[in-house]
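Each chain, letter by letter, is given below.
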Amino acid sequence: MRFFANVPKRRKAMQFMTAAGIIILAAACSAEADMPETHIVEMHGLTFVPATVEAKVGDTVLWINTDVMPHTATAADGAWDSGMMEVDDEWSLLIEEAGEMNFICTYHPGMEGVITAE
Amino acid sequence: MIKQILVGVAALATATVSACASEVDDGGPSDMQIAHIAYTAGNIDIRYAHLALAISDNPDVREFAETMLRDHVAVNDAALALLAKLEAAPEDNETSQVLLSQALEKRNELKVLDGAAFDKAYAENELAYHQFVNKTVEEAFIPAADNQEFKELLGVALQTFKVHEGHAEMLVEKTK
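Residue numbers (numbering that gives the first Met the number 0), protein chains in the order written: chain A, 0 to 117; chain B, 0 to 175.
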């Protein structure tokens with residue numbers, strides 16, 4: 000409590016509350032920076048938008064089909080697969096490992112994207 | 000063979016585009032006539048796909064046919080939904096009838112084939128058909144369409160069919 004030495008009681012209380020506030024705010028900011036994010040990828044016009052996703056382990060990638068025809072979100076190496084996604088369907092993937100993951104629509108050659116996770 | 004098909008398709012496409020152009024001179028094809036032609040063209044490819052699934056054992060051909068089924072059904076459903084919203088009905092016309100009779104002829108040619116001969120002929124026809132449809136949609140239908148939502152749907156359809164054209168090119172290479 001030397002931080003508050005030689006300070007009147009009321010000022011001590013103010014200083015304490017200010018310091019506590021700063022600590023709480025800093026913790027909150029730090030927690031927010033570490034909060035998992037959801038990255039949205041639209042399937043639109045027979046493309047993935049965006050086609051490149053930069054994510055962290057713990058983040059989620061959410062695919063939404065806004066096209067007029069069905070698509071899939073499928074790992075190029077076959078590790079995961081949304082199955083057929085009809086119009087307005089959504090499908091999400093939790094990123095559990097760092098690395099680069101290429102994904103495709105199995106119905107439409109050339110419809111490709113990549114997730115880079117760290 | 001491919002050259003003959005392409006020449007035929009180019010002639011048909013030119014004739015269709017010209018026919019639509021002359022209809023433009025006469026006041027142009029209405030949106031509902033275009034809707035009927037586009038819907039008919041989609042259905043024709045759906046029937047080709049059913050034929051391929053009935054005859055072919057080639058995984059590439061079957062996968063392509065399944066994609067054609069899914070996408071053309073989806074685009075036609077979107078067209079029907081838009082027509083319902085606009086409280087409009089597609090209008091049958093001579094171009095639709097010509098397309099249907101040519102498609103019947105082509106199906107009759109295809110269904111007597113099997114094995115690699117069918118796969119090759121189906122792939123070549125799909126490429127030629129999409130080239131023809133894309134040319135017609137891009138050069139005749141989109142410029143002639145009046146309703147903005149309908150024009151946009153034709154744009155979405157064209158984008159889809161251009162991807163199909165690229166896919167068909169790959170299939171032609173695989174079934175040579």
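Simulated from the structure, these hints should not be mistaken for lab results.
Yeah, the Cβ is synthetic: ideal placement off N, Cα and C, and Gly gets one too.
Any given hint could be a false lead.
As a list, the in silico SDA-like pairs of lysine to any residue whose alpha-carbon atoms are at most 20 Å apart [as the list claims (entries may be wrong)]: (1) B/Lys161 <-> A/Lys55; (2) B/Lys150 <-> A/His43; (3) A/Lys55 <-> A/Gly44; (4) B/Lys110 <-> B/Glu62; (5) B/Lys161 <-> A/Trp79; (6) B/Lys119 <-> B/Glu137; (7) B/Lys161 <-> A/Gly109; (8) B/Lys173 <-> A/Glu36; (9) B/Lys84 <-> A/Val86; (10) B/Lys105 <-> B/Ala116; (11) B/Lys173 <-> A/Thr105; (12) B/Lys134 <-> A/Thr65; (13) B/Lys175 <-> B/Lys84; (14) B/Lys134 <-> A/Gly44; (15) B/Lys150 <-> B/Asp91; (16) B/Lys105 <-> B/Glu90; (17) B/Lys150 <-> B/Met31; (18) B/Lys161 <-> B/Asn75; (19) B/Lys173 <-> B/Ala115; (20) B/Lys150 <-> A/Gly44; (21) B/Lys150 <-> A/Thr65; (22) B/Lys175 <-> A/Gly44; (23) B/Lys84 <-> A/Thr65; (24) B/Lys161 <-> A/Gly44; (25) B/Lys119 <-> A/Ile39; (26) B/Lys173 <-> A/Lys55; (27) B/Lys161 <-> A/Ile39; (28) B/Lys150 <-> B/Glu86; (29) B/Lys161 <-> A/Thr105; (30) B/Lys119 <-> A/Thr65; (31) B/Lys84 <-> A/Asp87; (32) A/Lys55 <-> A/Val86.
Some chain A residues well away from chain B (every beta-carbon gap over 10 Å; in silico) [unchecked claim]: (33) Pro35; (34) Lys55; (35) Val56; (36) Gly57; (37) Leu61; (38) Asp80; (39) Val86; (40) Asp88.
Against the structure, the hints come out as follows:
no., hint, verdict
1, B/Lys161 <-> A/Lys55, "violated, 36 Å"
2, B/Lys150 <-> A/His43, "holds, 17 Å"
3, A/Lys55 <-> A/Gly44, "violated, 27 Å"
4, B/Lys110 <-> B/Glu62, "holds, 19 Å"
5, B/Lys161 <-> A/Trp79, "violated, 28 Å"
6, B/Lys119 <-> B/Glu137, "violated, 27 Å"
7, B/Lys161 <-> A/Gly109, "holds, 12 Å"
8, B/Lys173 <-> A/Glu36, "violated, 42 Å"
9, B/Lys84 <-> A/Val86, "holds, 18 Å"
10, B/Lys105 <-> B/Ala116, "holds, 14 Å"
11, B/Lys173 <-> A/Thr105, "holds, 17 Å"
12, B/Lys134 <-> A/Thr65, "violated, 26 Å"
13, B/Lys175 <-> B/Lys84, "violated, 45 Å"
14, B/Lys134 <-> A/Gly44, "holds, 19 Å"
15, B/Lys150 <-> B/Asp91, "holds, 19 Å"
16, B/Lys105 <-> B/Glu90, "violated, 24 Å"
17, B/Lys150 <-> B/Met31, "holds, 12 Å"
18, B/Lys161 <-> B/Asn75, "holds, 16 Å"
19, B/Lys173 <-> B/Ala115, "holds, 11 Å"
20, B/Lys150 <-> A/Gly44, "holds, 15 Å"
21, B/Lys150 <-> A/Thr65, "holds, 18 Å"
22, B/Lys175 <-> A/Gly44, "violated, 30 Å"
23, B/Lys84 <-> A/Thr65, "holds, 19 Å"
24, B/Lys161 <-> A/Gly44, "holds, 11 Å"
25, B/Lys119 <-> A/Ile39, "violated, 40 Å"
26, B/Lys173 <-> A/Lys55, "violated, 40 Å"
27, B/Lys161 <-> A/Ile39, "violated, 26 Å"
28, B/Lys150 <-> B/Glu86, "holds, 16 Å"
29, B/Lys161 <-> A/Thr105, "holds, 17 Å"
30, B/Lys119 <-> A/Thr65, "violated, 34 Å"
31, B/Lys84 <-> A/Asp87, "holds, 19 Å"
32, A/Lys55 <-> A/Val86, "violated, 28 Å"
33, Pro35, "holds, 33 Å"
34, Lys55, "holds, 33 Å"
35, Val56, "holds, 34 Å"
36, Gly57, "holds, 34 Å"
37, Leu61, "holds, 22 Å"
38, Asp80, "holds, 15 Å"
39, Val86, "violated, 7 Å"
40, Asp88, "holds, 12 Å"
In summary, the numbered hints that this structure violates are 1, 3, 5, 6, 8, 12, 13, 16, 22, 25, 26, 27, 30, 32 and 39.
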